[in-house]
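Trainee: Could you put the whole structure together from the sequences, leaning on the hints where they help?
Residue numbers (our numbering), protein chains in the order written: chain R, 1199 to 1345; chain X, 1199 to 1345; chain S, 1199 to 1345; chain D, 1199 to 1345.
A few of these clues could be false.
It does not matter which identical chain is meant; a pair holds if it fits inside one copy or across any two.
Pairs of lysine-lysine residues, derived as DSS-like cross-links and limited to a Cα-Cα distance of at most 27 Å, are as follows [unchecked claim]:
| id | residue 1 | residue 2 |
| --- | --- | --- |
| 1 | Lys1272 | Lys1322 |
| 2 | Lys1339 | Lys1276 |
| 3 | Lys1272 | Lys1339 |
| 4 | Lys1322 | Lys1294 |
| 5 | Lys1322 | Lys1276 |
These are computed hints drawn from the structure, not numbers from a lab.
Protein chains: 4
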Amino acid sequence: MRIKKSEEVVLIDRTAIQVRFSEVDSMRIVWHGEYVRYFEDGRESFGRHFGISYMDVFNSGYTIPMVELNCQYKSPLKVDDRAIVETRFINSDAAKIIFEYSVFRESDNMLAATGRSMQVFLNKDFELELTSPDFFIEWKKQWNIIG
Amino acid sequence: MRIKKSEEVVLIDRTAIQVRFSEVDSMRIVWHGEYVRYFEDGRESFGRHFGISYMDVFNSGYTIPMVELNCQYKSPLKVDDRAIVETRFINSDAAKIIFEYSVFRESDNMLAATGRSMQVFLNKDFELELTSPDFFIEWKKQWNIIG
Amino acid sequence: MRIKKSEEVVLIDRTAIQVRFSEVDSMRIVWHGEYVRYFEDGRESFGRHFGISYMDVFNSGYTIPMVELNCQYKSPLKVDDRAIVETRFINSDAAKIIFEYSVFRESDNMLAATGRSMQVFLNKDFELELTSPDFFIEWKKQWNIIG
Amino acid sequence: MRIKKSEEVVLIDRTAIQVRFSEVDSMRIVWHGEYVRYFEDGRESFGRHFGISYMDVFNSGYTIPMVELNCQYKSPLKVDDRAIVETRFINSDAAKIIFEYSVFRESDNMLAATGRSMQVFLNKDFELELTSPDFFIEWKKQWNIIG
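Mentor: Have a look at this one:
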């Protein structure tokens, strides 16, 4: 999906996940830490969909460690629920990769959680890149993302 | 440890953890999601230390689901590192439990990550408590925390 | 799928999984402990498919804790691999639930791992059931499984 | 600890672990897959204690992937339990690293689980070593292990 929202182009991926028994805690709800994996599921699905997976980045000579992550928990998912992870690419002038996430219960679109992550670029010498690497600029152009 | 910081009483716990092989990702650094477990280690150590563990809360008739969590990644931990999780109780007028966390590498005090979590109180009918439960007010009094 | 193999009826489920970045260790292969989750994915897919999910069992008044699990690792899965988990119900006279598992890489059917699990029945008082509960006997009959 | 048992020298390590809230499932017992991490805790503690950690092996030019793992569940650990993981090195003529594990509840020595793992040696070209690498033979000699 590619939408135009005011002046900015946003890319969105949606992927389905199945809650596992092992992800549910003794309160019978999904343990809060599992949402970090759900966001990763979303980010990886986004990467496969739009050609910017971890391996694409790695093969361009970079790694993209996480520098900030946050999550708001709205309503709990439970055992046997299926959920949709919506992952949105947020464009930034800085040398950063920013995603926002929404996790919905599939059956009724209940919003379970929202989140946001920020990653930076390290080169092969594990040095922080202060400007966006060429491959990332090319990737943005390919999807008509400005800046 | 109990310190007085401007007008507010803060309780602090420090606990040591050992990085596991399974917690390290293909970049040879601790996977970012593991810090959610490290914060939980800190919170549980705090709970055992100050008498407000998950079971203490549960036996008082409440559960305390997470409603917000965030994490800033500063410098990576690696395999075989030992780390110190510092967990600070942040007092609030609201019916919430707020903690802040700092994770240091034990060998050189390098700051690996910081974070903050917010939990709320649900009663036995899974209803949100809008005011702090009596057991929590009593717990605060016991540690000379006002409000 | 329902096949007849010598004298015994066997039920088989196959489900696809996507290897996650977080499941890969510093050797760049899926960490061996993740296969326990893959087997669970298989078992849960089997349960949904054949009407014997954890919740089906729980609503019949039982829990089914694991008493034995083993895994043989054949060839490693890597980041971005997709895999098929094949889960086979192994009939037994005893009051036990036995599954065998095979995990294949989807792209080329490479066998990644095999495994076997055994679960028992606990009633609501957490007592071990020495004979198969009625609901389990009924479930077997429904699928033409003898004994 | 170093004991002599019939004709064979056995090395044993014991390490304490704290059950985490996130490790407990909706049956309010430790999820069976967590014992794979507990065994790893034991193996890593053994490695640090006896100078054969993952990094020691890696720096000698080898990796040691798991090829077989099994676990028997005896009695469940619960939230707030502390456990002792006992890890025993089992000597073998083959080019393999074999460990056996026992996990006990610390408070009363209740046996929670037992297990066994087998690892092999891969050289830097990821080829299986059919005979024990020199560093491993040296390590055995250092601890008076024959064969």
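Trainee: Measure nothing new, just compare the shortest in-copy and cross-copy C-alpha distances for Lys1272 and Lys1322 to 27 Å and report within, between, both or neither.
Mentor: Close across copies (19 Å), not inside one copy (39 Å); limit 27 Å.
Trainee: Treating 27 Å as the Cα threshold, decide for Lys1272 and Lys1339: within, between, both or neither.
Mentor: For Lys1272 and Lys1339, neither the intra-copy (35 Å) nor the inter-copy (30 Å) Cα distance is at most 27 Å.
Trainee: Indicate which option fits the pair Lys1339, Lys1276 if close means a Cα-Cα distance not exceeding 27 Å: within, between, both or neither.
Mentor: Neither: 40 Å inside a copy, 30 Å across copies.
Trainee: Checking Lys1322 and Lys1294: alpha-carbon separation at most 27 Å within a copy, between copies, both or neither?
Mentor: Result: close within a single copy only, 17 Å intra versus 35 Å inter.
Trainee: For Lys1322 vs Lys1276, is the C-alpha pair at or below 27 Å within one copy, between two copies, both, or neither?
Mentor: between (41 Å within a copy, 17 Å between copies)
Hints 2, 3 from the earlier list are contradicted by this structure; the remaining hints agree with it.
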